[in-house]
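Peer 1: Based on the sequences and whatever the hints tell you, model everything.
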Amino acid sequence: MVKEVKELVNRPDNTAYTQQRLPAWQPMLSAGIVIPGFVSIGLVFIGIGVALFVTSQSIQVLEIDYTGVEQSSPCFKCSDQTGKKCDCVMNFDIDSLFKGPVFFYYGLSNYFQNQRKYSVSIDYNQLTGDLDYFTNPDDACFPFQNDRNKPIVPCGAIANSMFNDTFQLFQLVNGQKKEVPLDGKGIAWWTDYNTKYRNPSVTPLRNAFNGTVKPPSWPQAAYELDTKDTSNNGFINQDFLVWMRTAALPDFRKLYRRITEGDYASGLPAGNYSLQIAYNYPVLSFDGRKKVVFSNVSWMGGKNEFLGIAYLVIGSLCVLMSIVMLIVYAKFKFPEED
Amino acid sequence: MSRRRVNSSGSLHPDDEVMPYSDDETDDELDASSEEEEPEAPPGAPQPPVEVKPSEMGWKVKANDRPYHHLPEFQKKVFLCFKKSRYSGNAIKTYKYNVLTFIPLNLYEQFKRVANLYFLALLILQIIPDISTLPWYTTLIPLVVVLGVTAIKDLVDDLARHKMDKEINNRKCEVLLDGRFQESKWRDIQVGDVVHLRKNDFIPADILLLSSSDPNSLCYVETAELDGETNLKFKMGLRVTDERLQHERQLAEFNALIECEEPNNRLDKFVGTMLWDRERYPLDLDNMLLRGCKIRNTEHCHGLVIFAGADTKIMKNSGKTRFKRTKIDELMNYMVYTIFVLLILVAAGLAIGHTFWYEEIGSKAWYLFDGKNHNSSYRGFLSFWGYIIVLNTMVPISLYVSVEVIRLGQSKFINWDLQMYYAEKDTPAKARTTTLNEQLGQIEYIFSDKTGTLTQNIMQFKKCTIAGRTYGDPTTAEGVTLDRGRPVDWSWNQQADKKFDFMDHSLVSCVRSKKDKDVSEFFKLLSLCHTVMVDNKDGELVYQAASPDEGALVTAARNFGYVFLSRTQDTITINEMDQESTYEMLALLDFNSDRKRMSIILKFPDGRIRLYCKGADTVIYERLSPDSRHKETTQAALDIFANATLRTLCLCYKDISAAEYDAWSRKHKEAQVSMSERDVALDRVYEQIESNLLLIGATAIEDKLQDGVPETIAKLAKADIKIWVLTGDKKETAENIGYSCSLLTDDMAIHYGEDVNEKLRIRQTHRRNEPQSLNRRRKRPTEPFFNMPGKNALVITGGWLNEILYEKKKKRRRLRLRRLGRRPPPAIPQDSQPMDDLEKELRQIDFVDMACECEAVICCRVTPKQKANVVSLVKKYKKAVTLSIGDGANDVNMIKTADIGVGLSGQEGMQAVMSSDYAFAQFRFLQRLLLVHGRWSYIRMCKFLRYFFFKNFAFTLVHFWYSFFSGYSSQIAYENWFITLYNLCYSSLPVLLVGLLDQDVNDKLSLKFPKLYLPGQKGALFNYRNFFISLFHGIFVSLIIFFIPYGAFLQTMGQDGEAPSDYQSLAVVTASTLIFTVNLQISLDTSYWTFVNCFAVLGSIAIYFGIVFDIHSAGIHVIFPSVFTFTGAASNALRQPYLWLTIILSVGISLLPVICIQFLHKTIWPSVGDKVHRNRKKYEMEMEEEERKTKPPTFDRGRRSRRSAYAFSHSRGYADLIASGRSIRRRPTPVGAPPGSIREAPQREAENI
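Chains as they are written, first to last, in the UniProt record's numbering: chain P, 1 to 338; chain E, 1 to 1249.
Treat the hints as calculated values from the structure; they're not laboratory data.
Some hints here could point you the wrong way.
Listed next, with one range per pair, are the computed distances between beta-carbon atoms [said to hold, decoys possible]: (1) E:95 with P:37: 54 to 64 Å; (2) P:70 with E:359: 25 to 35 Å; (3) P:261 with E:1107: 38 to 48 Å.
Listing some non-contacts, in silico: residues in chain E with all C-beta distances to chain P over 12 Å [stated by the list, open to error]: (4) 89; (5) 162; (6) 375; (7) 714.
With a cut-off of at most 20 Å between alpha-carbon atoms, the simulated SDA-like pairs for lysine to any residue come out as follows [what the hints assert, rightly or not]: (8) P:303 with E:1177; (9) E:364 with P:12; (10) E:364 with P:286; (11) E:425 with P:11; (12) E:364 with P:32; (13) E:1177 with P:27; (14) P:333 with E:430; (15) E:1171 with P:25; (16) E:430 with P:12; (17) E:1177 with P:32; (18) P:303 with E:1135.
Keep in mind it's a predicted model, so treat the numbers as computed, not measured.
Glycine included, each C-beta is placed from N, C-alpha and C at the ideal position.
Peer 2: This is the structure we're talking about:
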């Protein structure tokens, strides 16, 4: 009977955690929160939508398809001559000032840069300038890994299919062709140019490529992409970098040049223009389309009405639903039952 | 050894009083024993020599002869030609792995799980270059983590088992080796060894008791680990061994050959013979000391090892526990299969898509040339496997691990719950299995044991009526009734049991004044008329009673100053108000279940002869003398007692003249030696003397319910949980308890076996007469059995249960017929006999249907096996989730059978607890286990699963939408690393926490509103409907996550003119959107926001951005250029406001409709939970106020007018032992009898009287 003071060794701890009494906030989807919440979210969305829509409207875009499918097109003659050098000229007018800075894109349609096999056909080690991979490219590059037992550099399907049309833009002033200066610097991502892609540290660059061959579709080797400017040659050539950043969807644009210099720094003035195209890249075989795009940008980027409209629609739906919920709530207002 | 069994051949109906037959009786045994039983052996006659059947006696043990057991004839084939002795060593092995086998065995076990195997297959697929769409690490890393976590858990478990085994195997014991006792480890003990055991030793193996230090070769053992009973049992060695084997030298020469049954798991049976010096001696269970027991009160003893190690009864019993799975587990598996099918369909569709795409576009695109000459169909085939890999995350690899983690956490919470901790015994609740928690939230049927579960098995002398006056209510010494009394102070009585509570002071003063003759007579009777044995320890009396009721009565008499001191074969000594007097006992007319009374005939010191009798009121009243007084008043008091559900006994006496006694005594002696039908003859003689009795009064004993039992039952009933009581007790007792715990109420119509049988028979006859017998399976009778309005209850005994369910009937009938040598009757279907198995099944279905119509079902007099049968009937035909709760070895069967087994603990080492899934100390904790923990676990698990499926659909199906724009080329919409880490790091923690911590309403409200439990029973929170809702929700979100960025990306460019519409930016945008969406979605689903949840949600998002920026950093690309290829993608994409707007819009569209639908749903169709949740604050305040105002009200006990006439428990008294005089010491309480209320003092050796 004396043993009243028992040791309670097995007694569980009395803490908020073990007893599941942690202080907690137990929110409820009450009408007081949901309905005003929906109204305010709706209004905010409508606001954003209007801003996006208006901004998008103010952006100027000019698209010129130069695939040459129609006979009337100046490039029709080039469209079936795969592989051969062919030039064509597209003329167009600009009615009012195309505000600068103007960006010059090329675009491809029905082009599956996101195809699985294609998108992994690349050797990242090689492209960092690692010479071991020059002689022995990654298997992922197959079938553009070796050409007659010689390693292809840069290897892989992406590099092999690099876009190789070139463009020159002229303004026709009084019948004279005035070349619009195109700026090709800094059109690729900073990280691509500075870290992801690097040339081997061999001078001259050409020596690094000894014993390798160029991709079969390329007219010239990688070290000849820009012979004038060493900082734009080899793997860090801007056009190459832009191409290597594969597109997400089968219709895509890639930045070709910027128009930021000289008389055109503030934009393309109204007038007649002529675009001289070195037509090399075959797309008709797979029903592709090629185009050039001139566009300026805003804070939100390029022209795209989708997002603005989507915001407007969702915002309005929110407001509408809040009204519906209010009506339902009023109708089913909880009686004070227990 | 001869067990009493029902002899139903004579009577048409089963006997309500007797358990049908023993458990686990195999048909062979039934055959054998039934034949043996035929010539009823006259009791007392010399036992016929035990017939030994060679088949049964396959086990031979030779004492002190180790090589004998390695003879070739005792070898068994183990593997090919390797042979091993069939006798196990005594070392036990419960662990699974050792150092070498851990990795292969554990991996083998883990890969038995389909999910793990599936991921292994995927891994292999990913290594094949032609179809590999994801790098191998996307599967390998999660798989390794999953396998690793499980392996570590297994390792820890196994280490604990190793330690335990080692500890046990290294225990010390003295073994007779080379002629002397030497200390040896348990593991080295072998069959045939002679061991020496001391007081408080654990018994190392199943041992034949040879001799002990106590007279008569007695040995006391505590069997708590075997059957949970804490009272001491006693074992007795053979007389011959005890006499001849006391010394080491004698033992060393001992060379008997024991032949006995093969090792088996029956704790209640042992048959064997000992061949020693060309004499045969029968052995039975009384001679055996079983492993797991502990020697008590016996200084030392010697024994011969019969079964060692794995052959011992306890190890045979601890066999495989049935692997239990929850309903949710099953459902989950089916859903995973559904997902597999979906996966294959989707992949096949996309593969066809790829075939067509390649035909139309891919083959023409020169830039896609891959140098392989595959045709488009073969490419489609490859694409199929590619998509299987890409979309594999639909079957979440981490699902199983997360589920395990959540269940483990829930189990911990159960273990930690202070409100399920029983301070008195220092026992916390324990979730012994960690895999069944959510099932606790789905219980529909509870099967409860009675003794020790509903009741405390403590009998308390509560009230009495003496000569027409009732005592027991709180009263002062002067007889003034009080509202609240204080317990009587027993300090005046040196020998009083201090634990005895009594409120009525007037009775005490009445006794002490010695004025009232009736009162003195009353207590004198109580102190004399019984079969209790007494031990005297340190001057304190310890009573050992056959039934707790008797103990309570004798203790009461002791406290009132009539102390039973000692007894010999024919005297009883009591202390009568400090005056010791010895009475000569002339005859003891023991209790049995037919007589329902016991009497004692005493010769007083002054020479008078008097008969004292106590018994059930119905029997006593029939035998009262016409001039007996106080009949009416006592009757009235009995009714009052019965109404208070007290167990009553009537006390009476009769003076007998010497001549009358002599005459009767002669008849008695004749009857005692009569060879045939001795019991009947004795009964007849007893009947003659037990007549013309004079009533003294009646006692009322309370079979004390455990605390809070009626409240718990009421609460569980409100939660639509049906409670069935299955007990081995008598019908009356069970019914009585049914009333006192408010399971039965007055407005219920109670149906008994006959009634049930009749109803079933009618239904069956109907069915037989129905012409279209083929349709009978489909056309289930829908009309209810009970057409009367009002509640019904079923009280049914084990015998009837067998009758109703046709259990074993055929067999028994055949046997009976064979025995009687009659030919079987013509084969016309009788009503009470089944025609075929189908009929039997239909009958069982009918019975279950009928029982389920009732509010309460009580099955009494059922064997452990029947308990299990009843449980499995309900499980089988009702497809319901069942729970069994019990505390004793007899509940083990049903605990193992039910979906959830609960063991009531309190005492150490109980068998029910060992085989249970959950264990705690008090029945009332059940409501917390179910209504709080079960409900929470269920809700949490459902929420977890719904969300988990959703999150993986939303995640994976984006690939599906993307495939339409990537030429069905199994291109992935995210970065590889994101896919690898998504389930591990970015989305699992918040949902895991919801699975662990979420609560819709707190525990108090859960208990206050039992209706909140209903959704669980219906499985309403997780089923195929919810699964498809999750699926569609996932599809919807994945659509948004893909198509909003698609719309935004199409033909646009970034702020700085660079095109953001590259693949990597898209991947970053979809991934970020997904992370925001799923983390905010879980925030919406979280109803219990603690700082941990908050931390987890914000943390997941933060971790995502942290990891993404690291993986996309320049530095890591320089080190691993080909592994981390998304250099700069995140920083480039996420500085564009445009992409942020895209993300915000996508997240908004993903979440807003969900909020809207949820709100509307809760408004239009609010669930009980929603309503409670809404008014949470109000209720909480109310409850606080209530708590402050009132103490919990004492429960209003039954208001019924019913007789609980009967206070003896069902076991016979010790009269035989007392009369035999072989040992006037304690005898073991018969197996099954509950431990008495009288204190044990097991540490001290009992003294001889």
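Peer 1: All hints are to be evaluated individually against the structure, with a verdict given for each.
Peer 2: Here is what the structure says about each hint:
no.: 1; hint: E:95 with P:37: 54 to 64 Å; in the structure: holds, 58 Å
no.: 2; hint: P:70 with E:359: 25 to 35 Å; in the structure: holds, 27 Å
no.: 3; hint: P:261 with E:1107: 38 to 48 Å; in the structure: holds, 41 Å
no.: 4; hint: 89; in the structure: holds, 35 Å
no.: 5; hint: 162; in the structure: holds, 24 Å
no.: 6; hint: 375; in the structure: holds, 16 Å
no.: 7; hint: 714; in the structure: holds, 18 Å
no.: 8; hint: P:303 with E:1177; in the structure: violated, 53 Å
no.: 9; hint: E:364 with P:12; in the structure: violated, 72 Å
no.: 10; hint: E:364 with P:286; in the structure: holds, 5 Å
no.: 11; hint: E:425 with P:11; in the structure: holds, 10 Å
no.: 12; hint: E:364 with P:32; in the structure: violated, 60 Å
no.: 13; hint: E:1177 with P:27; in the structure: holds, 12 Å
no.: 14; hint: P:333 with E:430; in the structure: violated, 45 Å
no.: 15; hint: E:1171 with P:25; in the structure: holds, 18 Å
no.: 16; hint: E:430 with P:12; in the structure: holds, 11 Å
no.: 17; hint: E:1177 with P:32; in the structure: holds, 16 Å
no.: 18; hint: P:303 with E:1135; in the structure: holds, 18 Å
Comparing the model with each earlier hint shows violations of hints 8, 9, 12, 14; every other hint is respected.
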